[in-house]
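J.: One-letter residues, chain by chain:
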Amino acid sequence: MTRADRMLLAVAAALVMVLYGVLWQPGPGREAHILSAAGKPLQLDLDQARTVTIPGRLGPSVVEIDHGRARFVASPCTGKLCIRAGWQQRAGAVAACLPNGVSLSIGGGDRRFDAINF
Amino acid sequence: MGHRDGSERAITASAEDQRIAWLAALAITIHAAETALPTPLPGVKPGLANIITITVLVTYGWGAAAWVTGLRVVAGSLLLGTFLTPTFILSVGGALASLAVLRLAQHLPGAGFSATGYSVAAALAHMGAQFALAWALFIPHPGLIYLLPILLTVALFFGILNGIIAARLVRALTDAAPGHAPP
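Same order as they appear, the protein sequences are chains Z and X. Residues in the first sequence are numbered consecutively from 1, following our numbering. Residues in the second sequence are numbered consecutively from 119, following our numbering.
Note that these hints are calculated values from the structure, not bench results. All the given hints hold, so there is nothing to weed out.
Residues from chain Z shown here face chain X by an in silico Cβ test under 10 Å; the list is partial: (1) T2; (2) R3; (3) A4; (4) D5; (5) R6; (6) M7; (7) L8; (8) A12; (9) A13; (10) L15; (11) V16; (12) M17; (13) L19; (14) Y20; (15) L23; (16) W24.
Each residue gets a CB set at the ideal place from its N, CA and C atoms; glycine is no exception.
Here chain Z stands alone, though its shape is the one from the complex (with noise of 0.2 Å):
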């Protein structure tokens, strides 16, 4: 290898690493929404940290907004997989309780895919 080939290879490796960052920047949602089953859509601002307790078909959800960013932190399902879900922050991020009929998805900003398919 010539010094030609190694200030090459990391001007390539720093190009990539910068694409990456400006790339799979995670856009920041603005507002949650919520829906349920069993009572009206919600739309909070995620800006303001709070837990609501949402109604469902089961019993009561509670959704934790917090720091731009929200999740179920309890549900009366019986996998849990809302909660598992974790925090969700970009926006058209979707975490959701399907026995108990409640979702949360993240709105505003520049809305990215949850999923690319072919």
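Position chain X relative to chain Z; hints supplied.
T.: Okay, now just chain X, sitting in the frame of chain Z:
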């Protein structure tokens, strides 16, 4: 052709023509064998035929490399049945971009690239051009851009790997026929 008026010219293959044909055949074989490999993502493949392009570039010059690549793309697509399909268009775009970058890399003042440098430059140009073409012509989807870093990482990795293999080939060729190839 057809008129026997004494001015008929016989087509004879020079030693260089034959060499290019051999090398192109080798590149086509590698290219065809590679399509049998499974790929995790569309667009991700090692590009092993570029080993031949880089080896030819370093050993016989850019002109020969352009011939070998051109023949590989056209004859390879005929062999695989992809001639004039989107695959072929992407293949041509990638080949043209990498040949252009290799031409530039050769003439950069003071820059002494070896096989590794050429290979990385060609791999990135190839991937970049294919991505741009695919986006512009076939999948104009804003989500596609998220694949770009992964695709370029793959290109970088295989560019280095192919470059190392090409460097070994160049050394072996130079040892086999000393004085023929530049170091």
